[in-house]
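Construct all of the structure, not just a fragment, from the sequences and the given hints.
If you read the sequences in order, they're chains A and B.
In terms of the numbering used here, the first sequence is residues 3 to 278.
In terms of the numbering used here, the second sequence is residues 3 to 278.
Relax, there's no trap hidden among the hints.
Note that identical chains are pooled: a pair holds if it fits in a single copy or bridges any two copies.
Below 25 Å or equal to it, Euclidean Cα-Cα: the simulated SDA-like pairs (lysine to any residue) are:
id: 1; residue 1: K142; residue 2: A122
id: 2; residue 1: K121; residue 2: S93
id: 3; residue 1: K170; residue 2: Q34
id: 4; residue 1: K170; residue 2: S93
id: 5; residue 1: K170; residue 2: L101
None of these hints come from the bench; they were simulated from the model.
There are 2 protein chains.
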Amino acid sequence: MSTEQPIIVVKIGGAAGVDTQAACADAALCLQEGHRLVLVHGGSAEASALGEALGHPPRFVTSPSGFTSRYTDERTLEVFSMAVNGGINTSLVSQLRRLGVNALGLSGLDGGLARAGRKAAIRVVENGKQKRLHGDFTGKIGAVDAGLLRLLLGAGYTPVIAPLAAGKDGEALNTDADRMAAMVAAALGAESLLLLTAAPGLLRDFPDESSLIPRLHRDQLDEALQLAEGRMKKKVLGAAEALEGGVRRVIIGDGRIANPIRTALDGAGTMIEAGH
Amino acid sequence: MSTEQPIIVVKIGGAAGVDTQAACADAALCLQEGHRLVLVHGGSAEASALGEALGHPPRFVTSPSGFTSRYTDERTLEVFSMAVNGGINTSLVSQLRRLGVNALGLSGLDGGLARAGRKAAIRVVENGKQKRLHGDFTGKIGAVDAGLLRLLLGAGYTPVIAPLAAGKDGEALNTDADRMAAMVAAALGAESLLLLTAAPGLLRDFPDESSLIPRLHRDQLDEALQLAEGRMKKKVLGAAEALEGGVRRVIIGDGRIANPIRTALDGAGTMIEAGH
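Okay, here's the thing in structure tokens:
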């Protein structure tokens with residue numbers, strides 16, 4: 003019976019302030035209620051901390067259109083992979099298993115789950131000047147193999163996905179976890195994509211939490227992209243990609259509270275629907 | 003057709019001197035020839051190096067019966083997991099994917115693949131004195147879920163397994179990779195278990211490489227255990243466990259050479275057979 007349930011993709015953790023333990027506990031309850039879940043996580047803060055500890059601090063760059071990302075040279079990719087895949091992913095799988103969830107960790111590299119393109123050079127703005135950087139191991143996901151996820155879901159596993167993607171030559175690439183969650187949701191035809199964050203949702207006037215936007219139509223996403231601060235821009239982009247890919251609704255929900263998943267599914271946060 | 007081929011489990015890398023690149027290239031060729039492979043890896047040296055770099059150097063302890071192991075407190079387990087699961091496993095999966103292998107990385111924690119028991123305290127010998135150590139996150143694997151591996155093999159994936167196991171409460175445990183490979187081979191009813199090492203095989207007179215023992219019967223394993231040096235003891239124990247579990251033959255083969263897998267399967271190294 004449970005295999006007939008719609009799928010919910012949840013981007014869990016990553017940002018400071020998101021309560022991973024509460025999210026895991028709520029995921030376990032959702033599964034008991036019969037939902038099918040796929041979890042995607044970040045790990046940016048942990049990767050930065052590990053890089054600092056190993057004498058290879060992160061370098062963040064800003065694109066001409068205002069998006070911030072981690073410049074990922076080969077050593078940064080190794081550090082990112084250790085922190086995200088060996089650190090966060092293993093810790094989440096362990097936490098979930100303690101709660102009785104049959105969690106199985108993967109990254110987008112495994113089985114070619116998430117294929118990404120990689121730019122030969124990226125354009126960045128530093129001190130007001132544009133320049134080009136080479137050797138960046140970052141990828142934008144072009145396709146997710148729903149077959150592997152369906153195979154695992156069908157066998158009763160709950161996939162927990164780390165934000166690495168497979169480049170076209172098999173190399174591992176750093177990828178954005180929010181947009182990965184969006185592509186996973188689209189590939190699975192998920193009913194809902196839930197992006198947990200350290201805020202009540204999308205704010206009209208950041209950081210004023212009383213300015214929460216409770217509901218958006220997909221036509222308003224361009225406007226929302228202008229309002230969004232920093233990392234929230236990626237969530238808005240992810241929301242657009244998920245709706246474009248056929249996901250019925252995207253919720254940007256508060257990840258700092260108890261029961262963050264069910265609270266968001268019940269209507270808190272910012273709900274973005276494809277509409278009719 | 004290829005799903006009808008017997009399964010070969012290969013313990014790849016881990017020890018200094020084992021040529022991982024050659025093993026990956028040879029694995030790719032074996033797969034092209036129609037073999038089905040499951041790879042298990044170690045990562046002890048990398049975990050130690052990461053621990054040193056992070057100010058948490060490894061502590062090795064010796065049991066009263068002469069086995070050496072890494073004392074794994076909670077922080078050591080985190081470091082081990084980052085190095086082995088996020089570092090080596092991701093790197094092997096990437097190398098294999100570059101070679102056209104549909105590799106998929108897992109640890110024994112994922113999906114509860116390898117269940118292990120954990121001792122409340124371990125007995126160790128230090129400066130000639132026995133003492134007990136608590137809080138050790140090390141486990142001896144009791145059961146491997148062949149179902150998950152068969153699911154993945156059947157769908158065309160080549161599993162690459164990191165030496166973490168699932169404790170009974172869902173916690174991750176450090177586990178020995180040679181013995182994990184043995185338990186995986188037994189659970190799958192593998193035709194062959196191949197343990198690659200930085201020597202031509204089991205030596206009668208370590209480190210004299212001309213003293214290679216080319217063939218052993220399982221009845222001689224107790225005697226071999228006395229001859230074996232250091233880490234080789236675990237391989238001999240693994241060999242015994244694999245044969246006990248129904249594996250037809252175990253080969254301890256040279257991992258420093260080109261084509262290490264096919265060379266061992268062709269009869270080099272130390273072959274240990276169940277016999278009739």
